[in-house]
Structures are given as structure tokens and as C-alpha cells.
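Residue numbers (numbering that gives the first Met the number 0), protein chains in the order written: chain A, 0 to 455; chain B, 0 to 233.
It is worth saying that the hints were derived from the structure and are not from the lab.
Predicted, not measured: the structure shown is a model, and the values here were computed from it.
The reader is advised that the hints may include incorrect statements.
Unchecked claim - With a straight-line Cα cutoff of 27 Å, these simulated BS3-like cross-link-like pairs (lysine-lysine) come out:
#, chain 1, residue 1, chain 2, residue 2
1, A, K261, A, K50
2, A, K361, B, K114
3, A, K1, B, K119
4, A, K107, A, K132
5, B, K85, B, K119
6, A, K1, B, K85
7, A, K107, A, K193
8, B, K212, A, K361
9, B, K114, A, K1
10, B, K122, B, K85
11, B, K85, A, K361
12, A, K361, A, K1
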Amino acid sequence: MKSFRILLASLTALRRNVMRSGLTTLGIVIGVGAVIAMMEIGNGSSAAIQKTIASMGANTLIVLPGAASSGGISFGTGSTMTLTPQDSEAIQRECPSVRFAAPVVRSKIAPAIFGNKNWVPNEILGTTEDYLKIREWPLTEGAAFDERDLRNAARVCLIGQTLVRELFQGQSPVGQEIRLQNVALRVVGVLDKKGASMMGRDQDDTLIAPWTTIKFRVSGASTANTTSATNTTGTSTATPRGQLYPGSAQGIYAARSASQNKNSPMPVRMITIDQISVTAASAAETKSATAEITSLLHERHHIDVGEVDDFNIRDMAEITKALTSTTVMMTNLLLVVAMISLVVGGVGIMNIMLVSVTERTKEIGLRMAVGAHGSDIMQQFLTESVVLCLAGGAMGIVLGRGSSYLVAKILHWPTLPSLGAIIASVVVSASVGIIFGYYPAWKASRLDPIEALRYE
Amino acid sequence: MNLIELRDIRKTFLLGEVVLPVLKGITLDIATGERVALIGASGSGKSTLMNTLGCLDRPTSGHYRLDGEEVSQLSNDARAVVRNQKMGFVFQNFNLLARTTALAQVMMPLLYDTKYVSQKEAKRRATAMLDRVGLADRMDHHPSQLSGGQQQRVALARALINNPPFLLADEPTGNLDSNTTREVLALFKELNEHDGITILLVTHDPKVAASCKRVIRMADGLIEADELNPEINA
Chain A
0 MKSFRILLAS
10 LTALRRNVMR
20 SGLTTLGIVI
30 GVGAVIAMME
40 IGNGSSAAIQ
50 KTIASMGANT
60 LIVLPGAASS
70 GGISFGTGST
80 MTLTPQDSEA
90 IQRECPSVRF
100 AAPVVRSKIA
110 PAIFGNKNWV
120 PNEILGTTED
130 YLKIREWPLT
140 EGAAFDERDL
150 RNAARVCLIG
160 QTLVRELFQG
170 QSPVGQEIRL
180 QNVALRVVGV
190 LDKKGASMMG
200 RDQDDTLIAP
210 WTTIKFRVSG
220 ASTANTTSAT
230 NTTGTSTATP
240 RGQLYPGSAQ
250 GIYAARSASQ
260 NKNSPMPVRM
270 ITIDQISVTA
280 ASAAETKSAT
290 AEITSLLHER
300 HHIDVGEVDD
310 FNIRDMAEIT
320 KALTSTTVMM
330 TNLLLVVAMI
340 SLVVGGVGIM
350 NIMLVSVTER
360 TKEIGLRMAV
370 GAHGSDIMQQ
380 FLTESVVLCL
390 AGGAMGIVLG
400 RGSSYLVAKI
410 LHWPTLPSLG
420 AIIASVVVSA
430 SVGIIFGYYP
440 AWKASRLDPI
450 EALRYE
Chain B
0 MNLIELRDIR
10 KTFLLGEVVL
20 PVLKGITLDI
30 ATGERVALIG
40 ASGSGKSTLM
50 NTLGCLDRPT
60 SGHYRLDGEE
70 VSQLSNDARA
80 VVRNQKMGFV
90 FQNFNLLART
100 TALAQVMMPL
110 LYDTKYVSQK
120 EAKRRATAML
130 DRVGLADRMD
140 HHPSQLSGGQ
150 QQRVALARAL
160 INNPPFLLAD
170 EPTGNLDSNT
180 TREVLALFKE
190 LNEHDGITIL
200 LVTHDPKVAA
210 SCKRVIRMAD
220 GLIEADELNP
230 EINA
């Protein structure tokens, strides 16, 4: 076709001036290369930053039991115990957006004793080993407890750095036994230093044990079962007042005697836990994870449409917001850098094409004299600039990918290949060719053949 | 039959406020198969007349019939088609494209043919045309590798590639020495007498003018003399 022959003519014209064509292309090569390298390095950094923020908990969800109410008075979150370890297992098993789910049981605050030292940990948790993955909390020493320890309610625990400092003073705690409410727990691992939480709470002041151990050995059956008992009798769902004061075992009701238990046995309620910690597959999937958990728990807890949920799901909205705004900012930054590089490349192309039109005035005059229409001239110059831009784009892709590879290899920066950036830069380099080639081509097509032929 | 009929062609240029008449009413007929020389001092309007004849420029008024078609008021694109189909141009400074082979130079006008000519067909025709002007062994040479006479012959091949009935030559021998001038003039003569192509030569050189059957002398925007050359017609 005619366009094919014009393409050939353009290629011939470009080949006639290899040096100029090369220099013109260089602008686009550098522009596109810079865009791709920036995009890949930027995406890598952005992903790394997002991962860091996510490790602060952007993708964690906490499922809490719902609020009890009695006579129009709501007692607040956690006043009923509706969650079971089986709920946690079901969430882990059946929700595709969930990576890990771990049940959490909290013990009463009690001193941990080792030798002649004692220290009251800020937090005593019973959970599964997945909890460490949810919190992204590695061990510096020893190993986490396993499935068998959970089943046996083994007397083992993991302790945080603060406890190590206060109780062991530099000795290795692994293998030692500490006592917690008269239960001896063997330390099997030491948690890495995590520092203060965003609220200023010392996260290293933590003792973690299998949830069965905390539930059945340390806390004893007392707390949760009392609640269950009151639940089943239906008189009150409020937390017994006695529990508000740690250490005072006395409730407002007289303790049941053995014969009372015999006469009116209370059904053994399901084992309850205090919360379920969940991590979504990614920060973006917290929403779908929330929806999945909600519908799963509706089904498991037999909650009909319109009934009040007996659980709450909390997410880390603040952290997620920080994450989102960081991501948006990084994306915009990259976009601006990309645009600037391409505009610079495009202006370079326009300059060279304008010079080329002036330099080839005589050629244009001649082509017109032998019968070229203005549109033919325009088509040829546009083709030339688009060819230059596409060639530059192709070389730029190689350059960009190459430099991002080198950066990853030599500087060990995280990079992330971006197909979008490659497609976008090819499209943009063709558009740059058309947009910045248009004016010179239009100028060429408007030349007067007589003037052009006389031009020296 | 007249290939070219000019009737009262006028051309005025506007230089700011000043109206400058360059052609002041030219009436001229050129029959098919004639070989005409156009001479005149610079400023006589010779170049303007040539541009008008070559359909590079539109006259301000008057009628121009080329090969039976009125072309004086055609649009830019329509005149481009006329230039492509009906005439060939040869210039004093050859106007060859730098760093382009002789073959590609000759193929160039076919790109703008109204009928689509394939690359292969264009190559075939250009080869034949270069062969005819005696440059079969110079096809792949660039202008810088050719002598002046060879360059002008490449330009001539380019002008003739579309088999136009009319060839316009603007000082075709101005940059050539006397030997090559003779060669080129002989080629013009052959084209005129053998192939019946109508030729208009614009020149300063009386020797070149003497090679034509008819000589038109211009002065001050008008035709001063239009005479047959007794030596050739004898």
C-alpha cells in the first residue's frame, strides 16, 4: 500500500541521517528508560514500605465477642463469651481472604516468678503458634510451641525481652521454669524485641503460652465458666462484679456446693475464648476478609438476618489509612517523574524534527514538485517521528529493565517488574511521536514548493 | 494540437503596500512535440512564467490549458496531481536527495502517483529508465559519487519516470561543463525527436537556446520576441 511505501521512504530518510536519528531517539530512550526504571524501583520501594506498614498490623483484624445487655443496659464489648476456638479454626479454613487466624485467651494479670525474682507481665496471652505469624514476631532463641503442646495444654511458654531482662538478667531463659499462678511453665523460646506499641504499651512485656494451657491450667475454669453459668441461667449476662478485682474469688452469688452441682448439673458449655486475631492475605483484602468472617460467624452462631451480631470485627483503620495515603503518594510521585521524563524526551524529538524540516526544506520542495500532496509530506514526517519514538521506546524498555536489574543486583534495592509501565511507555512514546511530530510535520506540509526549492 | 495554451496570463505580487506586476499578459501556444527555449534577462519574469507553466504557482488572472485541461485555478492538491502526471522537472542544481541511491531518486515520484505502484514495479520501471539515460551501472551510487553530467541524467530519469508529455528544464546545463552540456542537450534532442516529449528549456546560454527550434525571449513581463530558429528548422 501507499502507506507502506511512505514507511519505506521514511526509513530511508532516517537511515540517511543515522547520527541525527540516533540523537533524536536518545531523548526518548532515556525518557522511557527512566520511566521504567523509576516505576520498577518505585514499585519495589512502595511494596517494601507497604510491607513494613502492613507488619505494623494494617492487615490484621480482631474478632471480639459481642456486647451483652440486660434490661436495656449494654455492658460493652467482651461482656459475653461467644467465640470458640472452633470459630477460629473455621475462619482459617473457610475464608479465602484470611491468611491466619489464631484464638486468643487472656489471663488475669499475675506475677511471673523465677527464683527470687518476680515480675508482673503487662500481658499474658494464650494462643496458637500462628499468632506469632499474625504479629510477624520472630523468636531470637528457642522454638515456638506446636500443635501437640496445644492439645496437651503443655506447660510451656514464650517470653518477651522485658521479662528476660527482669527475671533472668542476661542468662538464657530457654529451658528454665517460671511460675505463674502456681503453675510452672518451661520457657521454650524468647520473642524478638518489638518495642512499644503505637499506644505506648511495652509489647516486650508479654508472656505467650498455648491457649489451652492458659485456659485450663493458669486461669482455671473459674472466670469463663462463671460467665457461661450465668448465661445459661439467663438471669444476667453481666460480668460478675467479683471479677473486677483481680484475686478476689468472691462473687456476688454464693459459690455452688458439690451437691447443688449434682442436683442441677449445668450443661458443659462450649469452651470460649476472648478474641480471635486474624490476618488478611493483604491490606487490600481486609474488607473482603471482614465480609467473609461476618457471614461465616452468622452461619455458625445461627444469627438470622436482622438479629444483633454476637461479635465485633475491628480493623486497624488508622494504620490502613496511613498505608493507603502512602501508596497514593508514591504512585503520584512516580507518575510525575514519568511525565517529566517523557515530556523532556518529547520536546527533544520536536526540536530535532523542526531542525530536520528546516534542513530538508529543499527535499520537501522537490517532493512537492514531483507531485507530493501536503498530506503525503505530513504523513512521511509523522511516520518518521513515530518510528523514532517507537524505536526509542523499545530501546528504552531494554535500558529501563536493565538498569532496574542492575540496581536490584548491585544496590540490593527492591524492584518490582511492572508490565503496566512497559505498556504505558510504549503507548506514551508513540503518542509523544505523534504529538511532538505533528507540528514539524504540519509545518513541512505547508511549505510553498517554489520557496522550498529555492531554499539554500 | 496545442499542448499548452496561455491566454493573457498575469501575475502580480504584493510586497506590503506595493503592487508589483511581474507577468503583464502573456499569451502563448506550444504545440505537442515542440522544443522551445525561454530566454530573458533576470527580472524579466522568466522564472515566474516557468513556475506558472510548471503548475507550481497560480496566475493572478488569465487562462492556462494544459493538455486540454484548465489548470490555472486548481487547488494545491489537484496541481500536485498535474505535476506528477503531466510534467517532469529538471533543475540547474539537480536537486537530488543527498545520500540516496540513483535508483531511489528515480523511484521517488512513483510514490506520489495517483495509481498505487508497488515497490517491485517501481524498481522495475526506475531500472529501465536509468538504463535509458545510460546509467545502468550507476544504480546504487549516491549523488556524491556521480559526475555533474551523471547527476543531471539521474534527475532527467526522475523527471521522465511517469512518462509525462511535458518536460520543464530550468537552466539544465548551468552547472555543467561544455562537454557534458553537449551530452545532456543531445539527450534532450533525442527525447524530443524520438519520444515526442514537449520540452521547454529556460536558459541564459545562447548556445543552449540555439539548440531549440523555437526561441521565446521575455522582457519586462511580456514576450518580446517569439521566433523560429532558422538553423534547425532549415
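Take a quick look at whether A/K1 and B/K85 sit within 27 Å of each other, Cα to Cα.
21 Å, holds
Tell me if the straight-line CA distance from A/K261 to A/K50 falls inside 27 Å.
Since the Cα atoms of A/K261 and A/K50 sit roughly 56 Å apart, the hinted pair is violated (cutoff 27 Å).
B/K85 paired with A/K361 [C-alpha distance capped at 27 Å]:
22 Å, holds
Measure nothing beyond the straight line between the CA atoms of B/K122 and B/K85; if it is 27 Å or shorter, mark the hint as holding.
21 Å, holds
Is A/K107 close enough to A/K193, meaning Cα to Cα at most 27 Å?
23 Å, holds
Assess, step by step, whether the Cα of B/K85 is no farther than 27 Å from the Cα of B/K119, and give holds or violated.
Holds, because 23 Å separates the two Cα atoms, which is no more than 27 Å.
Given the hinted pair A/K1 and B/K119, is their alpha-carbon gap at most 27 Å?
13 Å, holds
Pairwise hint evaluation, A/K361 against B/K212, where the allowed Cα distance is 27 Å at most:
33 Å, violated
Quick one, are A/K361 and A/K1 close enough, alpha carbons at most 27 Å?
23 Å, holds
Decide if the proposed pair is consistent with the structure: A/K361 and B/K114, CA atoms, cutoff 27 Å inclusive.
Holds, at roughly 25 Å.
Given the proposed pairing of B/K114 with A/K1, does the C-alpha separation stay at or below 27 Å?
Distance ~9 Å between B/K114 and A/K1 Cα, so the pair holds.
Just to be careful, I want the Cα atoms of A/K107 and A/K132 compared with a cutoff of 27 Å; is the pair within it?
24 Å, holds
Against the hints set out earlier in the document, violations occur for numbers 1 and 8.
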